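All chains should be built: construct the whole structure from the sequences, respecting the hints.
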Amino acid sequence: MSAMPHGPVDERFLQVSPLRRLAARPELGSVVGAIAVFVVFALAADGFLRAGSLGTVLYASSTIGIMAVPVALLMIGGEFDLSAGVMVTSSALISSMFSYQATANVWVGVGVSLLVTLAVGAFNGFVLTRTRLPSFIVTLGTFLMLTGMNLGFTKLVDGTVSTKTVADMEGFPSAHDVFASTLTIGGLDLKITVVWWLVLVALASWILLRTRAGNWIFAVGGDKDAARAVGVPVTRTTVGLYTGVALGAWISGQHLLFSYDVVQSGEGVGNELIYIIAAVIGGCLITGGYGSAVGSAVGALIFGMTSKGIVFAEWNPDWFKFFLGAMLLLATLLNAWVRKRAEATK
Amino acid sequence: MTLVELTDVSKRYGAARALEGVCLEVHAGAVTCVLGDNGAGKSTLIKIISGLHQHDGGVLRLDGEETRLSSPREALDRGIATVHQNLAVVPLMPVWRNFFLGSEPRKGVGPFKRLDVDLMRRTTRAELLRMGIDLRDVDQPIGTLSGGERQCVAIARAVYFGAKVLVLDEPTAALGVKQSGMVLKYVAAARDKGLGVVLITHNPHHAHLVGDRFVLLKRGMMVGTHTRDSITLEELTRQMAGGNELDDLRHELERTG
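If you read the sequences in order, they're chains A and B. Numbering-wise, our numbering comes out as the position in the first sequence, counting from 1, plus 144. Numbering-wise, our numbering comes out as the position in the second sequence, counting from 1, plus 1.
No wet-lab data here; the hints were simulated from the structure. Values in this document were obtained by computation on a predicted structure and should not be read as measured data. Don't be surprised by glycine CBs; every beta carbon is placed ideally from N, CA and C. Some hints here could point you the wrong way.
Partner residues aside, some chain B positions facing chain A, computed with beta carbon under 7 angstroms [what the hints assert, rightly or not]: (1) P73; (2) L77; (3) H85; (4) V91; (5) M94; (6) P95; (7) R98; (8) E105; (9) R115; (10) L116.
Label pairs and their calculated CB-CB ranges [to be verified]: (11) V183/A - S71/B: 54 to 64 angstroms; (12) T431/A - R137/B: 24 to 34 angstroms; (13) I179/A - G144/B: 24 to 34 angstroms; (14) S71/B - G285/A: 22 to 32 angstroms; (15) F280/A - P106/B: 52 to 62 angstroms; (16) Y14/B - F270/A: 21 to 31 angstroms; (17) Q86/B - T431/A: 48 to 58 angstroms; (18) V60/B - T431/A: 33 to 43 angstroms; (19) L120/B - L347/A: 15 to 25 angstroms; (20) G195/B - F270/A: 39 to 49 angstroms; (21) K299/A - Q86/B: 48 to 58 angstroms; (22) Q86/B - A248/A: 58 to 68 angstroms; (23) Q86/B - G285/A: 30 to 40 angstroms; (24) L120/B - T431/A: 28 to 38 angstroms.
The structure is reproduced here in structure tokens:
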């Protein structure tokens, strides 16, 4: 990669073709998949290529993508978070109920929600690193507890399964601008979540590839004991990753609240798997140690294109799940194959 | 100079006694070999020296000062680098990321503080070249290197980061003859640079090639300690294999064979 200023050029460098280099990238499989999905719907659905449809597809992708980024980082770090889906709802509920009950500015609720959500994420990380239980069990526990608390607290406070509207409260317009507004760029209507998504992808890529923390994430996911033995702070890295997922949940939760004004307390169940699937389609190795943030974005884009493309093509939406399952299997097989080829470049 | 000194060190795991009354000295510029069969307590011993576990009894001295190491990080900071048998490297990560793992050099300020990737790539390549490993590509996953090369990368890393004591856990256990030779060459190179080396092995031939003093362990107890000129390879091999037990075994096999 980098030019060697010293010594003669090594003739063996020539044996690695640029194509091989490309094939060694974790997101290659998902990019090929995304192009295929795009072509299929461009041919099958009349309205798919219109600017309005593009905005819709990007919006759908961004709502998944915002969570797929931290979930991908966590997966590269070798862990899962099954509570990620309902944590989004919890975060929205906390903002909404705290603002309404304390009759304060909505921004107070938003701030309190940030603190509580990050604490829940850190709790996941601490329990995991303290008890050394598998993350499947720990976060399944958090998932169930949050699901119960979401419903229980909402019924206790509001008497129904949804919160009261916060649309007439102080600070709502500005909060709506930040989390749920629509930007018009060159005739294209873009939801602000797309901006949040892109910023998160850029930030996560920077952390993964160019910072010490990124090196630690790869190492902790690749071989936790080896990482600890050379002095990597494994506990701190893992807790940080879970807190990152909580940060994503907070952003998604605030979007949920400020785009609908009310929150349905039963929402979010099942979304955690969608985030994981997006990360895996994007080339993250399910056992950790390998993957990319850009890949998770491409995985989310495949999700967005498929869910909206099926509507544009006027197909029966029941096929969506079948299609996803097939994509997941194909992507995982392709990743395994690509990785084997990449490692055989010796 | 005595870098590490263990006196009567013992360690229990619950009711099981892993080590009892073990004494060991590591001198600068010398190789101390720890020999023993499976279950002799070799791994426990290096876990204590490398900070992964803490001893229950006895005294551990570093540079003459009584110490208890609480983590591998602390051991590293005090100049003890350990190359574990299966924990030497993270296979999926590129060679250069592995080389600097846990001690990454950075540049820039504040939130823009970032890995000095150029320096990391360049240094990795240069340091490995100095050990005679000519890598085509420091970006390849380290898992694609041979077992011997991986051990050498781990040793080169320890030397580069200025370790005073190098602890090697069965560095030649899974290697062929040629690769074992390569690793032993770097053990000798590290010794000549003035490092104190602890070599854990169950191969008396490898131990006798580079060792200056030998500590024999059996079922967690010390059964002998020798210097290089006080023991021959034949005697070392005999003691390693259990001395009289080997003679008994020979008789048994002769009769059945």
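Consistency of the hints with the structure:
Here the hint on P73/B is kept, as its CB sits about 5 angstroms from the closest CB of chain A, short of 7 angstroms. A hinted interface residue such as L77/B counts as satisfied when its beta carbon comes closer than 7 angstroms to some beta carbon of chain A; here the least separation is about 5 angstroms, so the hint holds. Taking 7 angstroms as the C-beta contact cut-off toward chain A, the hint placing H85/B at the interface holds, the least distance being around 6 angstroms. Taking 7 angstroms as the C-beta contact cut-off toward chain A, the hint placing V91/B at the interface holds, the least distance being around 4 angstroms.
A cut of 7 angstroms between beta carbons decides the hint on M94/B: the least distance to chain A is about 5 angstroms, and the hint holds. For P95/B, the interface hint is violated, since its Cβ never comes within 7 angstroms of a Cβ in chain A; the closest pair sits about 9 angstroms apart. Interface restraint check: R98/B against chain A, minimum CB-CB distance 6 angstroms, threshold 7 angstroms, status holds. At a threshold of 7 angstroms, the smallest CB-CB gap from E105/B to chain A is about 5 angstroms, leaving the interface hint in force.
A hinted interface residue such as R115/B counts as satisfied when its beta carbon comes closer than 7 angstroms to some beta carbon of chain A; here the least separation is about 5 angstroms, so the hint holds. Taking 7 angstroms as the C-beta cut-off, the interface hint given for L116/B holds, the closest approach to chain A being about 6 angstroms. One distance hint, 54 to 64 angstroms for the beta-carbon pair V183/A and S71/B, holds here, with the actual separation near 58 angstroms. Distance hint check for T431/A and R137/B: the Cβ-Cβ separation is about 27 angstroms, which falls inside the suggested range of 24 to 34 angstroms.
Roughly 30 angstroms separates the CB atoms of I179/A and G144/B, a value that falls within the hinted 24 to 34 angstroms. In this structure, S71/B and G285/A meet the distance hint of 22 to 32 angstroms, their C-beta atoms being roughly 31 angstroms apart. At about 37 angstroms, the beta-carbon gap between F280/A and P106/B misses the expected band of 52 to 62 angstroms. Y14/B and F270/A have their C-beta atoms about 26 angstroms apart, which keeps the hinted 21 to 31 angstroms range intact.
With their beta carbons about 21 angstroms apart, Q86/B and T431/A fall outside the hinted range of 48 to 58 angstroms. At roughly 42 angstroms, the beta carbons of V60/B and T431/A sit within the given window of 33 to 43 angstroms. In this structure, L120/B and L347/A meet the distance hint of 15 to 25 angstroms, their C-beta atoms being roughly 24 angstroms apart. Take G195/B and F270/A: their Cβ atoms lie about 43 angstroms apart, and the range 39 to 49 angstroms holds.
At roughly 56 angstroms, the beta carbons of K299/A and Q86/B sit within the given window of 48 to 58 angstroms. At roughly 59 angstroms, the beta-carbon separation of Q86/B and A248/A lies within the given 58 to 68 angstroms, and the hint holds. Checked against the given bound of 30 to 40 angstroms, the beta carbons of Q86/B and G285/A, roughly 35 angstroms apart, stay inside it. For the pair L120/B and T431/A, the beta carbons lie near 31 angstroms from each other, so the given range of 28 to 38 angstroms is met.
The structure is inconsistent with the numbered hints 6, 15 and 17, although it conforms to all the rest.
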